[in-house]
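J.: So the chains spell out like this:
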Amino acid sequence: MGLDFVGQGAGQTDGNIITTTIDKVVNWGRKNSLWPMPFGTACCAIEMMATLASKFDLSRFGSEAIRFSPRQSDLLIVSGRISIKMMPVLKRIYDQMPDPKWVISMGACASCGGVFDTYTLIQGVDQFIPVDVYIPGCPPRPEDLIDAVLQVQQKITSGASPKGVEAVYE
Amino acid sequence: MQSGLERATGEKMVLNFGPQHPATHGTLRIVLELDGESVLKATPHAGYLHTGFEKLGEHLDYNQYIVVTDRMNYLSPLSNNFGYVLAVEQLLGIEVTKRCQYIRILMAELSRLADHLLWLGTAALDLGAFSVFLYSFREREKLYSIFEKTTGARLTTSYTRVGGVLRDLYDGCEEDVRQFVTNFPKALKETHTLLTKNRIWMDRTKGVGPISADDAISYGLTGPCLRATGVAHDIRKAEPYSSYDEVTFDVPVGTNGDAYDRYLVRMEEMIQSCGIVTQVLDNIPDGPVNVEDNKITMPDKSDAYGHIEGLIHHFKVVMDGHGVQPPKGDHYCATESPNGELGFYIVSDGSGTAYRIRIRPPSFLHFQALPHMLEGGMVSDTVAVLGSLNVIAGELDR
Amino acid sequence: MSEENQVEEQPKPLVLEKLEANHADALLAQDESRGTIVVVIHKEQAYAVLEYLKTDPELAYTFLVDVTAVDNSQMESELMQFDYARFMVVYQLYSYQGQCRLRVKVPVHENDLSVASVTELWQGANWLERETYDMFGINFEGHPDLRRILMPDDFEGYPLRKDYPLRGRGERESFNFDKQNV
Numbered sequence: 040m041g042l043d044f045v046g047q048g049a050g051q052t053d054g055n056i057i058t059t060t061i062d063k064v065v066n067w068g069r070k071n072s073l074w075p076m077p078f079g080t081a082c083c084a085i086e087m088m089a090t091l092a093s094k095f096d097l098s099r100f101g102s103e104a105i106r107f108s109p110r111q112s113d114l115l116i117v118s119g120r121i122s123i124k125m126m127p128v129l130k131r132i133y134d135q136m137p138d139p140k141w142v143i144s145m146g147a148c149a150s151c152g153g154v155f156d157t158y159t160l161i162q163g164v165d166q167f168i169p170v171d172v173y174i175p176g177c178p179p180r181p182e183d184l185i186d187a188v189l190q191v192q193q194k195i196t197s198g199a200s201p202k203g204v205e206a207v208y209e
Numbered sequence: 567m568q569s570g571l572e573r574a575t576g577e578k579m580v581l582n583f584g585p586q587h588p589a590t591h592g593t594l595r596i597v598l599e600l601d602g603e604s605v606l607k608a609t610p611h612a613g614y615l616h617t618g619f620e621k622l623g624e625h626l627d628y629n630q631y632i633v634v635t636d637r638m639n640y641l642s643p644l645s646n647n648f649g650y651v652l653a654v655e656q657l658l659g660i661e662v663t664k665r666c667q668y669i670r671i672l673m674a675e676l677s678r679l680a681d682h683l684l685w686l687g688t689a690a691l692d693l694g695a696f697s698v699f700l701y702s703f704r705e706r707e708k709l710y711s712i713f714e715k716t717t718g719a720r721l722t723t724s725y726t727r728v729g730g731v732l733r734d735l736y737d738g739c740e741e742d743v744r745q746f747v748t749n750f751p752k753a754l755k756e757t758h759t760l761l762t763k764n765r766i767w768m769d770r771t772k773g774v775g776p777i778s779a780d781d782a783i784s785y786g787l788t789g790p791c792l793r794a795t796g797v798a799h800d801i802r803k804a805e806p807y808s809s810y811d812e813v814t815f816d817v818p819v820g821t822n823g824d825a826y827d828r829y830l831v832r833m834e835e836m837i838q839s840c841g842i843v844t845q846v847l848d849n850i851p852d853g854p855v856n857v858e859d860n861k862i863t864m865p866d867k868s869d870a871y872g873h874i875e876g877l878i879h880h881f882k883v884v885m886d887g888h889g890v891q892p893p894k895g896d897h898y899c900a901t902e903s904p905n906g907e908l909g910f911y912i913v914s915d916g917s918g919t920a921y922r923i924r925i926r927p928p929s930f931l932h933f934q935a936l937p938h939m940l941e942g943g944m945v946s947d948t949v950a951v952l953g954s955l956n957v958i959a960g961e962l963d964r
Numbered sequence: 591m592s593e594e595n596q597v598e599e600q601p602k603p604l605v606l607e608k609l610e611a612n613h614a615d616a617l618l619a620q621d622e623s624r625g626t627i628v629v630v631i632h633k634e635q636a637y638a639v640l641e642y643l644k645t646d647p648e649l650a651y652t653f654l655v656d657v658t659a660v661d662n663s664q665m666e667s668e669l670m671q672f673d674y675a676r677f678m679v680v681y682q683l684y685s686y687q688g689q690c691r692l693r694v695k696v697p698v699h700e701n702d703l704s705v706a707s708v709t710e711l712w713q714g715a716n717w718l719e720r721e722t723y724d725m726f727g728i729n730f731e732g733h734p735d736l737r738r739i740l741m742p743d744d745f746e747g748y749p750l751r752k753d754y755p756l757r758g759r760g761e762r763e764s765f766n767f768d769k770q771n772v
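Keeping their order, the protein sequence lines are chains H, Y and V.
For reference, each letter of the first sequence is one residue, going 40 to 209 in my numbering.
For reference, each letter of the second sequence is one residue, going 567 to 964 in my numbering.
For reference, each letter of the third sequence is one residue, going 591 to 772 in my numbering.
These aren't lab readings, by the way, just hints derived from the structure by calculation.
Any given hint could turn out to be false.
Derived lysine-lysine pairs resembling DSSO-like cross-links, with alpha carbons at most 30 angstroms apart [unchecked claim]:
#1 V/Lys752 <-> Y/Lys894
#2 V/Lys602 <-> Y/Lys803
#3 H/Lys130 <-> Y/Lys607
#4 V/Lys633 <-> V/Lys602
#5 Y/Lys882 <-> V/Lys752
#6 Y/Lys803 <-> V/Lys644
#7 Y/Lys882 <-> Y/Lys894
#8 H/Lys130 <-> H/Lys202
#9 Y/Lys861 <-> Y/Lys882
Assemble the whole structure, with the sequences as input and the hints as a guide.
T.: Encoded structure:
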């Protein structure tokens, strides 16, 4: 949980008082209510939909509040091939998201171009936007996406800043 | 071109719909010119997912390209695999074994179910019926597990090979599929209960986005969108390929060509597909799944690992210039994919790589006809019509 | 000998008969390839022939399946056949009435990259021709809206030409964010 339970067992407070830092509380809240912005373009989007649907049910991990407006979300899931015509759109959507924001690059195409080494395809979105977690696979299974969301949660708990923030201060 | 703001000073308003919008399922973009709530003009834009499939076809050999066809219509990759290898086989002038043909039909019809199910889920989701989405995916996951057991992958199946399929059906496949097609009509009935007589659903789809049969042909619509206008054309019937003439099924048609008819046609097609699957399972013959032609098909894995002849055979088939090499010429082969006519036009120069591969995608022409269906309607119809067309961006832009 | 006789006895397909009777001067070549009839038409008469194929009540090729092109610049044999015409515009037609397919090819020279547009005949030709223009740079005269469709508007070059490299000319690494109107 990332929270320290002080006094528990000592009998002084009956475990009703928790001392922590503001950062930790905020991060704990953030981690359990990630609002993803699905930027689904191709095959991976179908697996992303499967992750959200009945069998895999991403809401078990607090991320079911899918927001199609970037201004309301803090986790961008880039799933699918990004062409040179699409990249400016993606960049703009990323810029519109409020800080702090995390980015998952889902699948081989978004991460490195995948099998499509062609004239029109961006060979990895990380050339243009900072990516926190990459998911390999073509397409990755829903379990992989869930794992990536958990990794973002871990990253938040550990207090590390998102890649986007690091990039600004570098 | 004037910017949107300048135009809005008059009576009209320009609304940019997409490319990133929940109802565009990816990367479609429509620029709508509105007068109040009614659509004066709609301009669809394509190309946001252009991947260069056709160019890639000139650089990959015939079996490698199967991987690319998976990623074209990612709702039903098995149909794409099927359509592509059929074109190459016709170019080569070979016919695959009876068992292989039946397996391919089986998989193509199951993937038609998967395609229509996803269409159903998302089209209903766009109009606010969230439960249908969950119901559809529940059934889809069952199909996925059959696909995964057969091909090794949930989505990117790459199951067919030139001259055969990757491997025979797994043990117990028949029971799994039979169980699925027995239960599926019941599950579909739930959806019928939710939607077919639902007043909101009917209000939002009936009479919305209509197109006449003549216009549909002129625009090049195919598949369920064409059949919803009343044209009973199905390539599986008109030009039966791969033993489709040995199964019986009906071709459902609509009357008005509106979104509601497209919905009904697709729903009925799913039931018909179940019937085809049952017939295939009843009549599937035994025998090999790959043609016996050492220049085309791979040896068994045990042969490739166990005997020097098998190893040499394997090496020769995959080596450039020794494997599948269709004679010089060109060929266009059309198959009935879940969305409509999926055609592959292949030009061969006699080498192991195609000289040119052209893919004729159904979605490209469906998306083009969108303004015809939207103009004069209401802005809220846009989502309903777009949903009913099932435009797949991967196929649209290639 | 008997086999040869059988071949000769096969009736000529109706479409070829009718084309020979009505548009003999436009017909550059005819062939039957794997069950599909293929005709090569002179560029100048392409529109007239396609219109004839569509409107003739006996033929009724009312469905334009596809329009595309092939860059023959690396296929010497094809090039020589039609007087070194670099491009071949290919129309696939289908007749619902006769349930048969027809492939119409039109050779186009590099120094005169234009063909008459068939958007008047089939509304569906609009995007198909735009795509052919986008990928090969072939102009369709009389097209109402001939612009790029798949590539960005400011893109240079024609990707499906044989001299265009698979990995592009650096467009994917160095495109301009500001120029694109999103």
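J.: A separate judgement is required for each hint: does it hold in the structure or not?
T.: Hints and how they fare:
| no. | hint | in the structure |
| --- | --- | --- |
| 1 | V/Lys752 <-> Y/Lys894 | holds (18 angstroms) |
| 2 | V/Lys602 <-> Y/Lys803 | holds (25 angstroms) |
| 3 | H/Lys130 <-> Y/Lys607 | holds (29 angstroms) |
| 4 | V/Lys633 <-> V/Lys602 | holds (24 angstroms) |
| 5 | Y/Lys882 <-> V/Lys752 | holds (28 angstroms) |
| 6 | Y/Lys803 <-> V/Lys644 | holds (23 angstroms) |
| 7 | Y/Lys882 <-> Y/Lys894 | holds (21 angstroms) |
| 8 | H/Lys130 <-> H/Lys202 | holds (15 angstroms) |
| 9 | Y/Lys861 <-> Y/Lys882 | holds (8 angstroms) |
When held up to the earlier numbered hints, the structure conflicts with none and fits them all.
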